[in-house]
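Undergrad: Sequence:
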Amino acid sequence: MDRAAAAGPADALPAASPYPPSSRYHDCPIAVHVGPDGGATPYVRHRLLPRTEEAAPVGAAVEHVVEAGDRLDVLAHRYLGDAGQWWRIADANDVLDPRELTAEPGRRILVPLPGGTVPGVARG
Numbered sequence: 002m003d004r005a006a007a008a009g010p011a012d013a014l015p016a017a018s019p020y021p022p023s024s025r026y027h028d029c030p031i032a033v034h035v036g037p038d039g040g041a042t043p044y045v046r047h048r049l050l051p052r053t054e055e056a057a058p059v060g061a062a063v064e065h066v067v068e069a070g071d072r073l074d075v076l077a078h079r080y081l082g083d084a085g086q087w088w089r090i091a092d093a094n095d096v097l098d099p100r101e102l103t104a105e106p107g108r109r110i111l112v113p114l115p116g117g118t119v120p121g122v123a124r125g
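Numbering follows the working numbering, in which position 2 of the sequence shown is assigned residue number 3; successive positions increment by one, without gaps.
Because the hints were derived from the structure by calculation, they are not lab data. Check before you lean on any hint, since a few could be wrong.
As the list claims (entries may be wrong) - Distance ranges between label pairs, derived from CB positions:
hint, residue 1, residue 2, range
1, 38, 95, 39 to 49 angstroms
2, 109, 37, 47 to 57 angstroms
3, 27, 96, 16 to 26 angstroms
4, 39, 106, 51 to 61 angstroms
5, 45, 100, 17 to 27 angstroms
6, 17, 114, 21 to 31 angstroms
These figures come from a predicted structure and were not determined experimentally. Using N, Cα and C, we set each Cβ at its ideal position, and we do this for glycine too.
Generate the whole structure from the sequences, applying the supplied hints.
TA: Right, dumping it as structure tokens:
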């Protein structure tokens, strides 16, 4: 019997992450759903975020005042050195839609610094 056939609806696969270390999904477990026809569909399990005050210790983040035209990818490049890390800024601020963060000039947003604790990313 092959692994896909033996897997239950939510069996995690113990394997290397298919995502690069910079991805928000890198540390998320991959699970497999086996459908009624026996076909296996891998998926990424939920990535739970801690509350902001638990995730960013003092000194691990800076505050940025949004200016007209700011975008999260540009801010990520400026502060973190990688535009693809925009999700770290989104995770550090309690919003459902990341576009909310830069929609209004004057808004103050938290930007986690490289090497600091970042919400949703396991350290180890």
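Undergrad: List, from low to high, the hint numbers that the structure doesn't satisfy.
TA: No hint contradicted; all consistent.
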